[in-house]
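Undergrad: Kindly generate the complete structure, drawing on both the sequences and the hints.
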Amino acid sequence: MLFNSYVFIAFFLPVALAGFFASARLGRASAAAWLVMASLVFYAWWNPAFLPILIASILINYGMSEIVAKSGHRPALQSALLALAVGLNLLALFYYKYFFEVAKFLTQGVGFEVHADPILLPLGISFFTFTQIGYLIDVKQGVAKERGFLNYVLFVTFFPHLIAGPILHHREMMPQFAEKLTYRFSLINFSVGLTIFVMGLFKKTVLADPLGGDITAGFNMPGDLSFFGAWWVAIRYSMQLYFDFSGYSDMAIGLACMFNVRFPLNFNSPFKSQNIIEYWQRWHMTLTRYLNQYLYNPMALAVVRWRSEHGFGTKRANQKTLGGFLSMTALPTLMTMALIGLWHGAGFQFLLFGLLHGVYLTINHAVRIFRGAAPENPSPRAARLSRILNIAATYIAVVVGLVLFRSRSLEGAITMYQSMLGLHGFAFSIGKAEIIWVLVLATIIWGCPNVQQIMGKFGPALTKVEAFSKRLPLIWRADASWACAVGVMLAISLMAMGGTSEFMYFQF
Amino acid sequence: MTEAEVLQKLNEVFRDLFDLPDLELAYSMSAEDIDEWDSVNHVMLVVQIEREFKIKFHTAEVEEMKNVGDLVKLVLGKLNTAASR
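Keeping their order, the protein sequence lines are chains A and B. With the first sequence counted from 1, adding 116 to any position gets you this note's numbering. For the second sequence, counting from 1, position 57 maps to 54 in this note's numbering; every step adds exactly one.
Be aware that a few hints might be false.
To be verified - Cut-off 35 angstroms, straight-line C-alpha distance, at most; resulting in silico cross-link-like pairs (DSBU-like, lysine-lysine):
#1 K51/B <-> K548/A
#2 K296/A <-> K75/B
#3 K436/A <-> K51/B
#4 K6/B <-> K436/A
#5 K548/A <-> K6/B
#6 K388/A <-> K51/B
What the hints assert, rightly or not - Across the chosen pairs, the derived CB separations fall in these ranges:
#7 D19/B <-> I171/A: 15 to 23 angstroms
#8 N493/A <-> P18/B: 42 to 50 angstroms
#9 G74/B <-> S502/A: 37 to 45 angstroms
These are computed hints drawn from the structure, not numbers from a lab. Note that beta-carbon positions come from the ideal geometry of N, C-alpha and C, so glycine has one too.
TA: So, in structure tokens, the structure goes:
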């Protein structure tokens, strides 16, 4: 079921909420069970055939986690069991997500015949697989304290995050489901949650969706685009993806809030970043956090510990040597980013997308390490100018990367890049209305506070954000004028919803 | 070791690693307050702390160490379990 569908807004959500707080009177277990059932219905609505996959994944993972937890007295066995459990998860993910593409590549590219039929990707499999792998690892390391079955199932299935994140950590979720107050209806949490949900819905249906049409056409036939046409398509795609994912993330946070649950922030005005390191700290924040925790840190730790034990330096000075930089910074960064790329899908364009960002990040780190300190106390005007230039350069680097992300194939991406370099002419045919609309979107992206800043006082997410500006007091209050404004946004969003469209991150 | 001693020793590690001889570490500080404390340097910091205190962290703990207060608590906890063994 889509968040932006009539059946979800008019039927599912009210019933799920009312049932949750009503059954909470019978006890926490029944409320939790109700929410699990509702979440399974939400999931199965799409394609009931996927439901057994989700249930099997949860049961097997929970069973394995308990076995892993109880084998702590035999460390070697425990490690083997963990490896088996993680391996099973990755195998399932590989089968559903990559097997067909790999088989196609082997058959067509290498001439090694492998028979495979297209396999439907179970919704959200990358997300629920990742969450559960994290849980398994933490159980093995003894940091998962709360291990109740019902709370675990609720943590994995809770519908606001089930299909496209945020990627939750059990440590921040399971205690919330164990907390009594979560099960008591709160008018302020409901109002705050509903407001955030409506703002997200507005971003999705009014700001993101109408951009769609000729972006698809452009990426299907990138060779037909002129220099201006290609950049125009690429820029508008970046905005479409931005409002789509930002809208989705708002809606997820808003929905959780209605159930008195706080999610971590997933999206914090990433296009306002001044460099690529910052960009990844603000775009899909929970994926970055997850990969830092379970991929980058272990790799980097192994390298640094190895250097430390073998008499190589592990100080800042050693980072400035080529070997130190390559082994302690460049290698773990490139490997992590390559895997981020592949996480988004099978295909060389995704691998290259990850590697390109890996290169961006490596350059970014190299500049930080080798350049030394920035000049102190520049004039306010110089500081302002350099800030604007940094934001612009970061944004352009991101747009260039997104071409790989959106292209249907590597050839398509290369053709698109050729168009962006002007190899297919410089014809200019962009309508006035289109330009005005993009300028409106740009003003929202770069000139306005984000939803978290507007709602920040009520702490709707686990992550705090910096205040936008003291001069612009655009802060939500529970009063009539905000109610009217949100009501109007909801009405416009509902009318714009007509043909429901999927969220872009559903394909991952 | 007391909390204050742990903080004192951590302060030396931070000064040394980040090249900030005047740094005065406080419990309330976090990675956001020190420019040099990014994800790359964080890992070096972790290993340096392991060496200085002769302890070892779990990978899962590394992400929890991005503010000084938690860091002191974690190090103290490790030292105490090591001592009680």
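Undergrad: Hint by hint, note whether the structure agrees.
TA: Status of the hints after comparison with the structure:
no. : hint                                 : result
1   : K51/B <-> K548/A                     : 66 angstroms, violated
2   : K296/A <-> K75/B                     : 32 angstroms, holds
3   : K436/A <-> K51/B                     : 26 angstroms, holds
4   : K6/B <-> K436/A                      : 25 angstroms, holds
5   : K548/A <-> K6/B                      : 63 angstroms, violated
6   : K388/A <-> K51/B                     : 42 angstroms, violated
7   : D19/B <-> I171/A: 15 to 23 angstroms : 58 angstroms, violated
8   : N493/A <-> P18/B: 42 to 50 angstroms : 20 angstroms, violated
9   : G74/B <-> S502/A: 37 to 45 angstroms : 43 angstroms, holds
When the structure is compared with the earlier hints, violations turn up for hints 1, 5, 6, 7 and 8 and for no others.
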